[in-house]
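Chemist: Letter by letter, the chains look like this.
Number of protein chains: 4
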Amino acid sequence: MIIVMKADTQPDSPELSQVIQMAEGYPGITTQLHRIEGATRSVIEIYLLGPTGVVPTEPFEEFTSVERVVRVTEKFRSIGRHGGGLEAVGFDYNGVHFSQENLHVFPGVCAVDEPHNLEDTFKALQENGVQTSRAGAYKPRTSPYDFQGKGAACLPWVFELAGKFGIRVIAMEVTHEKHVNEIRQALRESGNATGVMLQIGTRNAQNFELLKVVGQQTELPVLFKRGMGITLEESLNACEYVASGGNRRIIFALRGMKTNLGDPHRNFVDFAHVPVVKRLSRLPVCIDPSHSVGSRAKSPEGLLDIFNVTAQGVIAGANLVLVDFHPRPEEALCDGPQALLISELPRFLEDVQIVRKAYEERVKRTALPD
Amino acid sequence: MIIVMKADTQPDSPELSQVIQMAEGYPGITTQLHRIEGATRSVIEIYLLGPTGVVPTEPFEEFTSVERVVRVTEKFRSIGRHGGGLEAVGFDYNGVHFSQENLHVFPGVCAVDEPHNLEDTFKALQENGVQTSRAGAYKPRTSPYDFQGKGAACLPWVFELAGKFGIRVIAMEVTHEKHVNEIRQALRESGNATGVMLQIGTRNAQNFELLKVVGQQTELPVLFKRGMGITLEESLNACEYVASGGNRRIIFALRGMKTNLGDPHRNFVDFAHVPVVKRLSRLPVCIDPSHSVGSRAKSPEGLLDIFNVTAQGVIAGANLVLVDFHPRPEEALCDGPQALLISELPRFLEDVQIVRKAYEERVKRTALPD
Amino acid sequence: MIIVMKADTQPDSPELSQVIQMAEGYPGITTQLHRIEGATRSVIEIYLLGPTGVVPTEPFEEFTSVERVVRVTEKFRSIGRHGGGLEAVGFDYNGVHFSQENLHVFPGVCAVDEPHNLEDTFKALQENGVQTSRAGAYKPRTSPYDFQGKGAACLPWVFELAGKFGIRVIAMEVTHEKHVNEIRQALRESGNATGVMLQIGTRNAQNFELLKVVGQQTELPVLFKRGMGITLEESLNACEYVASGGNRRIIFALRGMKTNLGDPHRNFVDFAHVPVVKRLSRLPVCIDPSHSVGSRAKSPEGLLDIFNVTAQGVIAGANLVLVDFHPRPEEALCDGPQALLISELPRFLEDVQIVRKAYEERVKRTALPD
Amino acid sequence: MIIVMKADTQPDSPELSQVIQMAEGYPGITTQLHRIEGATRSVIEIYLLGPTGVVPTEPFEEFTSVERVVRVTEKFRSIGRHGGGLEAVGFDYNGVHFSQENLHVFPGVCAVDEPHNLEDTFKALQENGVQTSRAGAYKPRTSPYDFQGKGAACLPWVFELAGKFGIRVIAMEVTHEKHVNEIRQALRESGNATGVMLQIGTRNAQNFELLKVVGQQTELPVLFKRGMGITLEESLNACEYVASGGNRRIIFALRGMKTNLGDPHRNFVDFAHVPVVKRLSRLPVCIDPSHSVGSRAKSPEGLLDIFNVTAQGVIAGANLVLVDFHPRPEEALCDGPQALLISELPRFLEDVQIVRKAYEERVKRTALPD
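Chains as they are written, first to last, in this note's numbering: chain A, 1 to 370; chain B, 1001 to 1370; chain C, 2001 to 2370; chain D, 3001 to 3370.
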């Protein structure tokens, strides 16, 4: 059971204490306090743990500072909205705020290769005012004989370069629990020059042991990519493995589904699920247009499909965009053909901005009242 | 082989005659003239029919009024762009222009039921300046024991009402060739009070005999809905059955694909294919958000999923939106739960307008040059 | 409601009359008599039509000659087993008996081409004691520019050849209602030299208008192929369109599902559904190994995949096998690469026989009691 | 490049030495010897490692004791047949021989629960002459709040019981690399009372880090279950991660694919791929009928679907059958509804035997010559 306090309730408010006291008066019940930071207001939630089945909701609803009392269902216990009663969970990491209400673009390289390529990439980001990026050091590949990523060895110079160009958060895939420690250590050794969001790739979406590991540390946030051949509900269940470990700083990412019904795109673009994930869960939603589309194909109007599907995610309220850029795609060791050029970055950002503005206008003017 | 003339070439230009004469000088070659009406310019195309394999392109390319010469490939012979060499085929019907460049919204009832419901619907359309609608008289249903539509009997009053409220084009599904004649006759008997676009439903996407019939008449345009379990390429091939019959006034409609990977939506929304269909074919592209989503679920921002996926289609350049409305969804004999309310029409149209404006800005500012 | 009489009940039995009389005593109830011909016994079923909701079952169950009373549910009303209470519906056509209990092989050509090829095929069938075959005169093809079948013109010589070699039933696809009449007329003109089972192809599985037409005639039985992108339940619902028209002589055919998860086979082989269709419906079940596999690939043991998947259908109780043979695959106008050679027919039939024998042993020795 | 020696070549044959010497004479080439143990003969293969692109095949083919020389392609480098040139790789483990030619049934519990249930299971196996079983200690579950398995704690008594009842190999899923060590240690501590085949579940089919770990040890064989939403080719590629680590004792398991096209079965049964895997790879092929079907549904003949799909795998040459049994399904902590009863074991084994005999007859009588 979760008791949501009204927005103006202070952490030291006497009513808050009374509510907690009443809750803990029921046999076997303990409480936890969570503070949800939204864009315009912050909210305190009191979690009741233990045999809550017999705890009534009415006594709590009578407090004037209680907004509502929500019974938590089994489904998506930690990340769910439980029938709409709960707000999204925003969070701050390394100076960047993530929520279901704002938008960050993460342009970057699919796989780290040479320092000069990463330097050119980060430099372009800085010039365009972008502080969030992607850069893969560990690459899971379909065949064992393909390039598997630069690994831990590249982390020192990756983080140093990131710091140099003001990158605050890098999304970086991990495929083994030891990668988490390698990244944490390298971050510390870089003097925390930047921050890292641990990315769980689609192939590991049901690698529950790895999910537990990234869920049991709370230093680094987690970017969870939905699984390929499973339903959205099963992916959200898998995401619970992260949250149930204690780490609540999670982003849910859509990256297309593997089925030939989506041809000629590499994957069947699933960004119509952006509002669905926002409705079912409290997590900010990320889209990955590059891996969904998988090519630089262009519409007759001159808009790349990657631009178009990005626009489709953003117009429906996506909160993060993970997108492949490369200064020299011909040198890329992985997925070069789908990379956008550094010279296309301003155009891409302008495109996103046009669409985001339209999204905001939609929310203001055409959203239905509750 | 198709010879595309420059935009300012007049039908009576001497060079045009010379080109035709030269073409018909090759053994066994005959020609056909097609005029493509675009938003800003119209183009004349000369089709060379016969053994064109041995006809060279160079002599034609030397004419100053020839823009380009395109070799037609097997794939999507009539509707394809053949490597980008051909422009989209726009067309006029009953005073409405359709093309890959503009946008029309077709709000209406999934299935015709009672006159007062249709009257309320058409009246609302007129009040909101909409002249295009949908209204199903023949309904293919999964079970033979479900309501199968009002049939030919309702056509007279449907067309009369349409005329009364200034509706110029109604999209109407046909499932049997006799329906085409019934509609044509009822239209005539109504004094052509309105116009009809023949809709081929997803279940009949590979009913080649029906496709031939609607393709062999040229009075009414055709709205072809892609098939459920087949690839996009196979649906475009099926669409060729319409075009190869002679009718070139075709719209290609996306309506979601049937797979549980799209749950909880009724179908997996496939509007990322909007730019793909525009790239591969010369046809205007329609989206059907109602049948894709199948419910009135709403995002936390208060935007219905139907609004959101419509926005996703429009932001990527969709040309038609087929959307279910009903003044009294509880009286609807089919798909009531997914219908928008008549009172929501202004909001829906405003939403579309916001997004269309953003799309146009994208084309102007972020499209890549050729 | 259906009242199933005990197996030894005679059509002129006094108790049968009493049951009917009692049934028709309820307000608004009329009755129909159906005789189900099984391999070892025949059963009389009395259908109660009208407002059966208020008719109790108990009074009927008290008759000693009543085996059971089954309430008919909406789902698969005509073809369903309604919870197991009803037996399969076998039928005779042109001297051949079809049921869920026996097995017929239909080797033949995918598409009729030249008389000498069909003659060689039928001759081989006769030499191997086979009286059932397939031969397509009307071919629905993915592209309108592919060979579309010989059409009505070939029917006279096809039927004459069939008669000459003792073929009693040919499975023949129809894609338009006029084909049904063309076939019936040609059959008559051939002096009913053979019989035809009307095949509904997978692309027309939800062409409800065509299903109604073949369901409203009762001269020719129907072979219904499941739809490609729809669930088994939806295909069974479509099959109801045939049955609800009055024609109860229906075979349900499995032919693989279109999804790349089945690669490298042409379709995802779905013969695990053989027992499912037998459980849910009263229809004999056919398998089409040729279109499922789509190639002559061979296992290391030397067994063609087409042989192997046939064996998989038969070992689970399939009742018909529709399989492509061709005396000269290089001359085939359609699907030549998947055709078996006439010289392989004896081997194929022996393979089927080995497996069918094992199936029968399984039923005898390892089936569970009710 | 692989040089396959004739079957009667002895390891100490002088020609073998000459072949090796010639091979190592090419610059940068080293060799490895592998001995393939088939049912009726054993074969020596010489692997050439290094820059084999410039090594000609002719000089080797001239040796009378060389059967053939096979150029290894990228695709399925270690596990592939490379165009049919290589035989299957059989292997022995703990006294049991596995190959593409024989058949073992692994009846057992999905998840280990109480000792008395496991004891009853193993006892029944012994009474029926079965020495191979399944028993899950580590269970990956869709939700983190479901039972996750007894873990390492149960291993001592599981192995002791296995030893007591003569079980030689238990298939046991591992989801974390530490499980491999826990199992190896517990085996040693049990005095190697039994053996374990490490099972990689479908959710970890592309958990490449785990695949590397089980591939880099050679003590225990690996049972690899194909991934859910990926193609067969991608699953075989993933399997290469095991083989490329050095462990060649691998079984490839089919367990159905997740798509609603397979409804009402839990997964779309994919056993038509049995001969495909045998053709593409050198690995023995396992089927898992319990997880494919997911229920105890029964055909009208009285054959459980689980029996039927098992029969479908076996009739096409499956080499292992992994099947859930439970003495008290109502006590099962996982997948009870799909478990067969211990009392059904003799019937199941007899069913398998009937079908295997038919398979062997097919190979003898209806297989095509090369």
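Derived by calculation from the structure, the hints in this document are not laboratory data. Careful: at least some of the hints might be erroneous.
[Claimed, not checked] Which residues of chain C face chain D? A partial, calculated answer using Cβ under 8 Å: (1) Ala2272; (2) Gln2312; (3) Ala2332; (4) Leu2333; (5) Asp2335; (6) Pro2337.
Just so it is clear, the structure is predicted and the values come from calculations on it, not from any experiment. A virtual CB, placed ideally from N, CA and C, is assigned to each residue, including glycine.
Chemist: Taking the hints in turn, state whether each one holds.
Modeler: Consistency of the hints with the structure:
Satisfaction of the interface hint for Ala2272 of chain C is found here, the shortest Cβ-Cβ separation to chain D being roughly 3 Å, below the 8 Å cut-off. The beta carbon of Gln2312 of chain C is positioned within 8 Å of a beta carbon in chain D (closest approach about 4 Å), and the interface hint is therefore held. Against a cut-off of 8 Å between C-beta atoms, the interface hint on Ala2332 of chain C is violated, since the closest Cβ of chain D lies about 20 Å away. Hint on Leu2333 of chain C is violated. Least Cβ distance to chain D is approximately 26 Å, over the 8 Å limit.
Because the closest C-beta pair between Asp2335 of chain C and chain D is about 18 Å apart, greater than 8 Å, the hint is violated. Because the smallest distance between the Cβ of Pro2337 of chain C and any Cβ of chain D comes to about 16 Å, over 8 Å, the interface hint for this residue is violated.
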